[in-house]
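Protein chains: 2
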Amino acid sequence: MRETLADWQPAIDEAIATLIPRDIDADYLESFFGSPTYAYDPDGIQHALATPLWDLLDRGGKRWRAILFLVFVEGFGEDPTEYLPYACIPEILHNGTIIVDDVEDGATIRRGEPALHRIYGRDVALNAGNAMYFLPLKILTRNPADLPADRRLAAYEMLMHELNRTHLGQGMDICWHNERQVRIGIDEYLEMCACKTGCLGRIVARLAAIITDQPSEVERAVAEYAELTAVAFQIGDDILDVEHSLGQAGEFGKEFGNDILEGKKTLLVIHALQKSEPDRARRLQEILESDNNTDDEILEALEILEDAGSIDYARERALELAAEARAAIDGLDFDDETTRKLEEFTEFVIERDV
Amino acid sequence: MRETLADWQPAIDEAIATLIPRDIDADYLESFFGSPTYAYDPDGIQHALATPLWDLLDRGGKRWRAILFLVFVEGFGEDPTEYLPYACIPEILHNGTIIVDDVEDGATIRRGEPALHRIYGRDVALNAGNAMYFLPLKILTRNPADLPADRRLAAYEMLMHELNRTHLGQGMDICWHNERQVRIGIDEYLEMCACKTGCLGRIVARLAAIITDQPSEVERAVAEYAELTAVAFQIGDDILDVEHSLGQAGEFGKEFGNDILEGKKTLLVIHALQKSEPDRARRLQEILESDNNTDDEILEALEILEDAGSIDYARERALELAAEARAAIDGLDFDDETTRKLEEFTEFVIERDV
Chain R
80 MRETLADWQP AIDEAIATLI PRDIDADYLE SFFGSPTYAY DPDGIQHALA TPLWDLLDRG
140 GKRWRAILFL VFVEGFGEDP TEYLPYACIP EILHNGTIIV DDVEDGATIR RGEPALHRIY
200 GRDVALNAGN AMYFLPLKIL TRNPADLPAD RRLAAYEMLM HELNRTHLGQ GMDICWHNER
260 QVRIGIDEYL EMCACKTGCL GRIVARLAAI ITDQPSEVER AVAEYAELTA VAFQIGDDIL
320 DVEHSLGQAG EFGKEFGNDI LEGKKTLLVI HALQKSEPDR ARRLQEILES DNNTDDEILE
380 ALEILEDAGS IDYARERALE LAAEARAAID GLDFDDETTR KLEEFTEFVI ERDV
Chain L
80 MRETLADWQP AIDEAIATLI PRDIDADYLE SFFGSPTYAY DPDGIQHALA TPLWDLLDRG
140 GKRWRAILFL VFVEGFGEDP TEYLPYACIP EILHNGTIIV DDVEDGATIR RGEPALHRIY
200 GRDVALNAGN AMYFLPLKIL TRNPADLPAD RRLAAYEMLM HELNRTHLGQ GMDICWHNER
260 QVRIGIDEYL EMCACKTGCL GRIVARLAAI ITDQPSEVER AVAEYAELTA VAFQIGDDIL
320 DVEHSLGQAG EFGKEFGNDI LEGKKTLLVI HALQKSEPDR ARRLQEILES DNNTDDEILE
380 ALEILEDAGS IDYARERALE LAAEARAAID GLDFDDETTR KLEEFTEFVI ERDV
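Quick mapping for you: the protein sequence lines, in order, are chains R and L.
Per the numbering used here, the first sequence runs over residues 80 to 433.
Per the numbering used here, the second sequence runs over residues 80 to 433.
Since the hints were derived computationally from the structure, they do not count as laboratory data.
Errors might be hidden in some of the hints.
Note: identical chains are not told apart, hence a pair may lie in one copy or across any two.
Stated by the list, open to error - Okay, derived cross-link-like pairs now, EDC-like style, lysine to aspartate or glutamate, Cα gap no bigger than 20 angstroms in a straight line:
hint: 1; residue 1: LYS354; residue 2: ASP370
hint: 2; residue 1: LYS343; residue 2: GLU161
hint: 3; residue 1: LYS343; residue 2: ASP122
hint: 4; residue 1: LYS217; residue 2: ASP229
hint: 5; residue 1: LYS354; residue 2: GLU296
Construct the entire structure; sequences and hints are all you get.
Structure, rendered in structure tokens:
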């Protein structure tokens, strides 16, 4: 196995390029999508699919979903190179959701460059993003590791379950974002994270368990690890935004108070609204609802979060979740090497650019 | 079985309401999507998913994909009521693509009312449309007709194949729409129809064949029937737009020359560019490329199509395709009742409102 996790990146990109090459021709189309009834237009499919997909992938991203998959496969005692094509499943799915989310949010920037729909148009970007929901699922049909039918069916059923819950999570998040009032509590927030971000993590873990034929309690344990880690990661994001903003108070940069400006209902906001005096809670709500905030107003909101102990609360919850995640896989007999890699993985995720 | 095809509509809507009820509560969410890790927000999911989905369905649509599925099931000698939940699969998929297509095209109107993204916002509409790609696929996992594992796997593999090709077709269509020049020929156009519209038809037919365990040659035959019918239907649409426009020349209504105005590369346009004198072909290309056309220019383009014999050509191709479709299932031993229904179906499709 590779020395460090990042060493896997070139092999993963090569596996993705086997599924969807940088340069599309009629032979590839016929071999992957089957014979045309009349005639494909490789140039059109190049522009509609391969070019936007590789534009996004070439901007970076650590391929950590693919890497975590390979760590699990190796932890289960199997050769990860044999299962490399399957590692592309969560990776392409994830990048597809990024394109679609950016259209939904009207995002302008992604990984330091214009969001895909700003370059290729909303129609091309969206269709490419949606194609990336189905493209990787065809890998199971192509069956590169010659899996028996029951594992392929189990994989499809798992994917349908998790991809449905992903859309529930995204639906809740969007809905709350469009509401002015903060109507939900901490459990609903955590559920949204568990669905929206956690389910892709669960796909990584469960896919590794299913295709290597692990017992169902092992599949459950790694799924829980991945879900809890993803939720902790999401909360970490919320904390970073607030801490980064408080750290630069006085010299308000362009990232200053992003979440407050967007009116995001983060764990910190929900906690602060519950714990603050009524007049301060009302004031926080007011600033969140406003479409335009001055830097002073943002600072005021951040201070309400701080005074309510919401940063500390969120940090405790994140640590708790990370501990629960570790506990979930504690009973599994992973070797020291895998355990080390799962720890390395946690650090790897934290230095993130997605 | 019902006397006429339309009699199935209430039962189909009831089956859809079992999958995704008009009113969402925690019990439904738990039973369909599994236990939450923390707590779902039924109100949020109501607004994000059930309300937009039922808004679209309640605007009409003949549920003909579901009905055709049931006709095939009965034609294969099985009881359609037993397989009713599976009829929702192509129907919900189709309505999902409508929502997504409307976002991609920036459509304003759908079935006589504002497109969903104009009512619920692009984010909600898009997420609901995408959720409708996965929601129905979960039916196979829930397995209402107690199908053996091999049929469920075959159904998933078929769906992944066809849904991938759907996105190829949409990708080609979008790409050509964004190009000024007409670069493609008739075979590429027919392939686009076969992928974009035909694959959903193929899903209807193949799903009916797979879940009732038909031999593979029967599955291939009904798939061909459905694909060819869908392509004929698409060409019929192109012809209707031109004939309707020519018919009202002199009193230009609001639908006058829609396809020319949008610069659509229809079968008629591709044919006319190939068959017209060079200067008239150039003129047609010019009018198509222009962002603003006068009524006179549109009429001029329509006359170029007419003079090139493109309307007659398209009509012949459509009739040819319809004949090929009938021939495809000629060898199958459907009873007279099914044959009558498949004929009724063709008429039913023609009086369409989608």
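Now for the hints, and whether the structure bears them out:
1. In the homo-oligomer, the alpha carbons of LYS354 and ASP370 never lie at most 20 angstroms apart, since the shortest distance is 24 angstroms inside one protomer and 57 angstroms across protomers.
2. Neither within a single protomer nor between protomers do LYS343 and GLU161 lie at most 20 angstroms apart by alpha-carbon distance, with minima of 42 angstroms and 46 angstroms respectively.
3. Taking the closest pair of Cα atoms, LYS343 and ASP122 come within 20 angstroms of each other only across two copies (18 angstroms); inside a single copy the shortest separation is 41 angstroms, beyond that limit.
4. Proximity of LYS217 to ASP229 under the C-alpha cut-off of 20 angstroms is found in both arrangements, the shortest distances being 16 angstroms within a copy and 17 angstroms between copies.
5. Proximity of LYS354 to GLU296 under the C-alpha cut-off of 20 angstroms is found in neither arrangement, the shortest distances being 39 angstroms within a copy and 67 angstroms between copies.
In the structure shown, a violation is registered for the earlier hints numbered 1, 2 and 5, in ascending order.
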